[in-house]
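> Sequence order for the protein chains is A and B. Here numbering that gives the first Met the number 0 is used: the first residue of the first sequence is 0, the next is one more, and so on. Here numbering that gives the first Met the number 0 is used: the first residue of the second sequence is 0, the next is one more, and so on.
What the hints contain is simulated information worked out from the structure, not anything from laboratory work. In this text, a Cβ means the ideal position worked out from N, Cα and C, and glycines have one as well. A hint or two may mislead.
Quick look at which bits of chain A chain B covers, simulated, 3 or more residues with Cβ under 8 Å [to be verified]:
1) 129 to 136
2) 162 to 169
3) 254 to 262
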Amino acid sequence: MEVKVEKLNYTYKGKKLLRDLSFSISSKHIVGLTGKYKSLVCEILDLTKPYQGEIFFDGEKIEKDNIRKFQQMVALISQEDLFFMDTVEEEMNFIVENYQYTSRDLKKRMLDALKLVGLADSFLHRKLETLSKSERMLIKVACAFLVNPKVILFDESFCYLSHNHKRVVLSLIQKMKERKDKLIVIASNDVNLLYAFTDLLVVLENGECIREDKTSVVFRDFSFLEHHQIELPDLIAFTRLAKEKGVRLSYHKDILDLIKDVYKHV
Amino acid sequence: MVPILQVKSLRYKAGGKTIIDDLSFSVEEGRFVAFIGPSSSGKTTLLKLIAGILPSNDSILVGYGYLNAKKGSSDLSKFGCVFSDGIPFLFESVYQELLFPLENLCYTKSDMEMRIKDLVSFFEVSSFLDKKQEDLTQEEKAILRLLLALVHHPSILVLDDPFLMIGRKRKKQVIAKLKQYCQENKMTLLLSSSNLEDILFCDYTYVLNDGAIVMEGSTKSILEEDVNLKKLGLELPFMVDLSHMLSFYEILDGVYLEMEDMVEKLWK
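Kindly generate the complete structure, drawing on both the sequences and the hints.
Here you go:
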């Protein structure tokens, strides 16, 4: 699945928020989206907000007469802790109706979605207000996967997840990318999250795309990061400090690899 | 000297489930206390009980008076709270939103204006006063919620994961300001957090699991329990985690919170 955005413009209350924004992403990578207005870009990619410019899904341009078809291919997991219904089952039914999704055995599909995020069958009947914030976010993720979308947008959704739940979702994302050609976009300003879990980074600033590059390359481009006031991921910051002292550490994506490397150099 | 807060055999059930299971502890005035624990451990429920939002039936003492939301509250204006599932903002303008609690408490007009001005300038967000709610970013909204909890001069601050939406860099500044503010005004702070980086400025930490206190101690000593914390599914802050692992391999001794210090120690 490929999504191309060309010269996207968006004005709100007379102020231009997005200016000729263009980028191109595919399910080859787990895509990170960072910078101001990333949530707005997610809403536009979710095809629920009017925009000026062009969006292409797998080469087909989104127009008024085909937008409904494409809306059903995208799911947005927003950062808001808001739901439409009372229980998990009601919420799932609502989402399914909204997406006009049909399935031979919907109940089984719902339970499968819960299993996907590591939740027991009993969660189906739970009232959403009795769940913890983290569990509610897992339900949002389950609902998104329920309708089998081709594009899944995570808008700062990870901050509500507990450490364990985060790991569950991230390994799920990995599996989805490997097996099912889904385009996953993680919109976040958490540089550690982006560094660890995305391969391609789209960096926004002033409503434009200022960089579209491999995540590991962007986070080692120190002058770029400094110039645009983007924090360094912890693992990179540490190695950089060590290198400045003449220690030949390598850049790692995992803390255990860093430890092994430090061990060799003391 | 009576502790400002005493919790005695607190129990809370909802929907047939025990959420808080016989909790007892007390907090001295002016202390900063943190509550951490895995998802669904009861942190939010505990803070809501303490803030008088949920009924606690004579289990919680604030100073000399019992807190019991059923019978009619003791002085709830003593509390300032931030909860994530809180009420949405009531007004279009940020200034009006900040005025509202003060109006309800019958502040004079000039006192209200001065109070709000002082507070926003202390937290370096004076630009907020000209803004409308809808123009604020999620980060700014989170800071506003903090201000709303402080604006009426509470003596006890109850914060449930208030920094979630605030980016790391800004968060460090906000926490530093908050710490200074609470110290200067001798406030007692109760903070729950899902991110252990946030609790470093608190003196004492309670670790909750399944509605009970499973560990407690100075924050420093709690963060040394890396094995137990990891077993509960909690993630250690990067520098704490790194310190522990390097200590395990006998490359380092002790916890270094600043990267420069650790690099200096390792490779003089």
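> Now tell me, hint by hint, if it's right for this structure.
Going through the hints against the structure:
Here's how the region 129 to 136 of chain A fares: 6 of its residues keep a CB closer than 8 Å to some CB of chain B, so the rule of at least three is met and the hint holds. Three residues within the 8 Å Cβ limit are the bar, and the region 162 to 169 of chain A against chain B gives 3, so the coverage statement holds. With a threshold of 8 Å between beta carbons, the proposed coverage of the region 254 to 262 of chain A by chain B holds, since 6 of its residues qualify and at least three are required.
Comparing the model with each earlier hint shows no violations; every hint is respected.
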